[in-house]
Amino acid sequence: KQEVTQTSAALSVPEGENLVLNCSFTDSAIYNLQWFRQDPGKGLTSLLLIQSSQREQTSGRLNASLDKSSGRSTLYIAASQPGDSATYLCAVLTQGGSEKLVFGKGTKLTVNP
Amino acid sequence: NAGVMQNPRHLVRRRGQEARLRCSPMKGHSHVYWYRQLPEEGLKFMVYLQKENIIDESGMPKERFSAEFPKEGPSILRIQQVVRGDSAAYFCASSRQNGGAGYTFGSGTRLTVV
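Going down the list, the protein sequences come from chains Z and X.
At position 81 of the first sequence the residue is numbered 81 (the numbering used here), and the sequence of numbers has no breaks.
If you want the numbering used here, it's the position in the second sequence, counting the first as 1, plus 1000.
A couple of the hints might just be wrong.
Taking lysine-lysine and the DSS-like style, the derived pairs with C-alpha atoms no more than 25 Å apart in a straight line are [as the list claims (entries may be wrong)]:
(1) Z:Lys-105 - Z:Lys-68
(2) X:Lys-1027 - Z:Lys-42
(3) Z:Lys-1 - X:Lys-1027
(4) Z:Lys-42 - X:Lys-1044
Simulated coverage check for chain Z against chain X, where a stretch passes if three residues somewhere in it have a Cβ under 8 Å from a Cβ of chain X [what the hints assert, rightly or not]:
(5) 29-35
(6) 41-54
(7) 100-107
With the C-beta cut set under 10 Å, the calculated list includes, among others, these residues of chain X facing chain Z [said to hold, decoys possible]:
(8) Val-1004
(9) Glu-1041
(10) Lys-1044
(11) Ile-1055
(12) Asp-1056
(13) Ser-1058
(14) Gly-1059
(15) Ser-1107
(16) Arg-1110
(17) Thr-1112
Derived by calculation from the structure, the hints in this document are not laboratory data.
Heads up, the beta-carbon is just placed ideally off N, CA and C, and yes, glycines get one too.
Looking at chain Z on its own, in the form it has when it is part of the complex (with noise of 0.2 Å):
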């Protein structure tokens, strides 16, 4: 069964930081991971998908790696900045057959200004 790992539950970094958000993951037999942003009260709006062939995506500010050997995935923010400020959530799809997500429990993001 998959289980989906998001170190840390909370971080706080003054605005201008470089920071990296980790996601750890059980069955490397995966298809997919694609990182999520979630703001208080709203959606889940998709910053990174990684496909299983792929070692990293980039974007912007945003840099997603994918170590599937290893089961791991960093997001990596550059020079961080107060609207960034929200939870990330990792997600992985599994092969097999299966269609769910499965979804760390993500880790919220405070940029002070």
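Given the coordinates of chain Z, assemble chain X onto it according to the supplied hints.
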């Protein structure tokens, strides 16, 4: 492209009433998924549907909960005889074929049972 549309955004029901949550997938998406987010917990899969078919309902409680995705119209998640423990945010996601291209989520329906 309006994205995944869910309504209502907020729903208040008294214990014992029925709750109906609606989800219209993105244009061109034929796969719909429902997830539930309980307070202080992560999102949990409930059910996966294609038009007129339930593909996987392994995450749905056996009683009081049902889902459909008719040939015409939105997908409906129906909760009968709601209890306080049903209070949660319910999210709908859609995808084009399968999850290989990723999922797009709606803004959710926040159900409060009083």
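Checked hints:
1. Z:Lys-105 - Z:Lys-68: 20 Å, holds
2. X:Lys-1027 - Z:Lys-42: 21 Å, holds
3. Z:Lys-1 - X:Lys-1027: 32 Å, violated
4. Z:Lys-42 - X:Lys-1044: Distance of about 17 Å is within 25 Å: holds.
5. 29-35: As far as the stretch 29-35 of chain Z goes, the hint holds, because 3 residues have Cβ atoms under 8 Å from chain X.
6. 41-54: Three-residue rule met by the stretch 41-54 of chain Z, so holds; n is 8.
7. 100-107: With 7 residues closer than 8 Å to chain X, the stretch 100-107 of chain Z meets the three-residue bar; holds.
8. Val-1004: 8 Å, holds
9. Glu-1041: 7 Å, holds
10. Lys-1044: With a minimum Cβ separation of about 8 Å from chain Z (threshold 10 Å), the hint on Lys-1044 (chain X) holds.
11. Ile-1055: 7 Å, holds
12. Asp-1056: With a closest approach of 6 Å, the Asp-1056 (chain X) hint holds.
13. Ser-1058: With a minimum Cβ separation of about 8 Å from chain Z (threshold 10 Å), the hint on Ser-1058 (chain X) holds.
14. Gly-1059: 7 Å, holds
15. Ser-1107: Hint on Ser-1107 (chain X): holds, closest Cβ of chain Z at ~4 Å, below 10 Å.
16. Arg-1110: Holds, about 7 Å.
17. Thr-1112: 13 Å, violated
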